[in-house]
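Participant: Spelled out from the first residue to the last, the chains are:
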Amino acid sequence: MGSLLFGAWLLSVNRAIAKTRPKLLYEETLRIFVDALLPADELTPAASMLNVHIQILNDATQNPALESLIAEGCQWLKQSLGSLSALDSEQLERLLSAMSKADWDTGPRNFYHEIRDRAVMYYYADPRAWVGSAINRPPQPLGYPEVIIS
Amino acid sequence: MLHPDVIVIGAGAGGAAMAWRLTQHKLKVLIIEAGPRYEPAQDYRLHTARWELDRFPFKSGSQGKYGFDVNSPLDPQWDNLHSWNAVAGRLNRSGVRIVADAGYHHVRGIGGSTLHYTGESHRLNPLAMKLHSQFGSGADWPLTYADLEPYYVIAEKLIGVAGPIEGNGRWRSEPYPLPAHPLCKASRCISDAGRTIGMHWQANSRAALSQPYDGRPSCNYCSNCGYGCPIGDKGSADVTFIRHALATGLCTILTDTPVTRLVSKVSGRITGVEVTDNKRGTRILKAPIVVLAGGAVETPRLLLNSATHTFSKGLANSNKQVGRNFMDSLTWVSTGMVDTPLDSYKGLPADAICWDYNAPAAIPGVIGGCRFTSATLETGLTGSVNYARRIVPGFGASLKQNMRNSLRHALSVSGFGEMLPNEGTRIELDPKQRDARGLPLALIRSRLTSEDLQRLSFMAEKCRQLLKAAGANPLVEEFGTYDYFSATHVFGSCRMGANPNDSVVNSFGRTHDCENLYIADASIFPSTGGGESPSLTIFALALRSADHIAEAGK
Ligand SMILES: Cc1cc2nc3c(=O)[nH]c(=O)nc-3n(C[C@H](O)[C@H](O)[C@H](O)COP(=O)(O)OP(=O)(O)OC[C@H]3O[C@@H](n4cnc5c(N)ncnc54)[C@H](O)[C@@H]3O)c2cc1C
Ligand code: SF4
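Line order of the protein sequences matches chains A and B. Per our numbering: the first sequence = residues 1 to 150. Per our numbering: the second sequence = residues 1 to 554.
Among the hints, erroneous ones may be present.
Unchecked claim - Covered, in the sense of this in silico footprint (three residues per stretch, anywhere, with C-beta under 8 Å from a C-beta of chain A), are these stretches of chain B:
| id | region |
| --- | --- |
| 1 | 49 to 63 |
| 2 | 180 to 189 |
| 3 | 211 to 225 |
| 4 | 340 to 346 |
| 5 | 375 to 386 |
| 6 | 402 to 412 |
Hints are computed from structural coordinates only; laboratory data are not their basis. Note that the Cβ used here is the ideal one computed from N, Cα and C, for glycine as well.
Isolated chain A (complex conformation) (with noise of 0.2 Å):
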């Protein structure tokens, strides 16, 4: 997997062309993408169904780089791997380990932590991810005033 993170990102691609692909392919790569990032466990949903991959794409709307970095990044992972899909749980995390780890001046190294930036983002702003957490609601208008008497 390695191999292909180094010198393999398209940032020479043709934004036209990138703007032109489906939109539902990068839908699809992103929902594949955040579940990796934040899969279902027992007590909480995986990302997308937290419409966590909605939310970025509507920020990329408004956010031309992003735009483009969505654009890229699908396409680079599209074109080396192939659909996400067909990958299963290990393949993917050895993916998202490599991207992770990659030199800040490339692309995967670029696109994983703006994308895991924004996933974490909209995901533990949803109460239905704080289940089993310590903080499981809004500071008000509650507060913790139990602070002062412990």
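Chain A is already provided as a structure; the job is to place chain B with the ligands on it using the hints.
Facilitator: Structure of chain B with the ligands alone, referenced to chain A:
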């Protein structure tokens, strides 16, 4: 209001205190504020699931635009001061200092930047007011702590400061109006760890109510003062000075109305204030006295933008001091993870403080002090989003499990230090950028001297030592103003002084050049103090100047 006695420009810390005190003298006050009004219960977002995304809700018109010149190269000698976190590693990989977010953190609105301040309420260390005569650095204040003390008392009562009985190097004529808040678990851990390395921690003095007071409820320890206090116990200027000023019936406020120019005669007397709003266009408002309280960036900008044929360098600027001597924020924060759950996402931000190194000669080898504060809440580690974005790395099932295991365990300590004026740090008019009305923006120039970096380095080392003593291992995040320009406290760009050659205003805030123009905001500070939060001193100075204005008008 047809014929105000005084026009106050800006409804932030200084403008609000000034307006209230003037109404106590039965003067009619018109406040002109560039930003909007906030309704705490409706506008602030802490009751919603997305509070960490919404943070402080900036409404339309509540933030200005600025030019920046801060990009000095980073000297590898200070590499241990770079900002980083466990998720992203090094945060600034550019090799030069860069602007963090808004850079100059501020709010335009009724209450100004106090709307999102934490509410630490500090008196200045008297020793920090005589830096030049005692140490040959910076500038002296043209007034003494004793001159300010009665006004500190009035301000503390009006905003409702809760503070400790124990002293901290500043004498007091009266105790705090409210008892100190008990320390939360995380701050007790910091205080205990401090003891083992010879640091003394105590309850911080806070503009957050420890008991119901003045018709406002007590704090419910929701952890997020910086995102706007929805219950109104935080002593921001809108729910304290402004509320009481309006109750007199002598104060009127124009919101969403930026002042674009001060109109002057050749004598320097201000004859009018030009305002421009979307509904009524441009007009001139008049009063015998004008008080400028736009903050340490906008106040010099307005003076410089008010140049005339006679005052070609800008108003109150015959000695070219407007915009010089600007001082911004020297800050550091380190965060580590402790094994025992400290519930560190709960409580009152900055509830504990250490003043040991606050005096001007307290840091070895450099003039200018600093203070340390419990900082887990102030740094935003109050919810899952910030944990996941900044300090819990990784992905997949292990990320989710690590998140659950981490949430009560972060512990942060911060240092805030003195910054002395230097030639490269100043406010000017931006030659390239203009606002929607065609006026030049303020250009914020900031440079750090090697003395500033020595202080910063001392602060970083102390924070690390303290976290080590608290068992906070590993460190997961550090952030400082070595590689980022990130200013929450700004001062000095129209400093006060006894000598009209090297200052802009006298000890009552009256400009040397314009007899009826006063300045009442953080721009008049001759020095920053050793990390003290400025608002209480801004309030006290404004109250004192208001008494002077009222007295002079009799
Ligand atoms: C995140 C954060 C936390 C902080 N925490 C603390 C703390 O705990 N304790 C503390 O003491 N301080 C704190 N501060 C700093 C404190 O908020 C400021 O020092 C203080 O509010 C500055 O007061 P001021 O009167 O100088 O300016 P401001 O409060 O900024 O007020 C200036 C006002 O003037 C208005 N204005 C500007 N130009 C014009 C114009 N041309 N026409 C009309 N109106 C104009 C602005 O809209 C604004 O409302 C904090 C600041 C930040 C950002
Ligand atoms: S901690 Fe207290 S003062 Fe701060 S926002 Fe919450 S309730 Fe208000």
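Participant: Hints first: check each against the structure and report whether it holds.
Facilitator: Going through the hints against the structure:
Closer than 8 Å: that is the beta-carbon criterion, and the region 49 to 63 of chain B has 5 residues meeting it against chain A, so the requirement of 3 holds. Evaluation of the coverage hint for the region 180 to 189 of chain B: fulfilled, as 4 residues show C-beta separations to chain A shorter than 8 Å, against a requirement of three. Taking a C-beta to C-beta cut-off of 8 Å, the region 211 to 225 of chain B contributes 6 residues in contact with chain A, enough for the three needed, and the coverage statement holds. Counting residues of the region 340 to 346 of chain B whose CB falls under 8 Å from any CB of chain A gives 4; the rule of at least 3 is met.
Only residues whose C-beta sits within less than 8 Å of a C-beta in chain A count toward coverage, and the region 375 to 386 of chain B has 4 of them, enough to reach three; the restraint holds. Evaluation of the coverage hint for the region 402 to 412 of chain B: fulfilled, as 4 residues show C-beta separations to chain A shorter than 8 Å, against a requirement of three.
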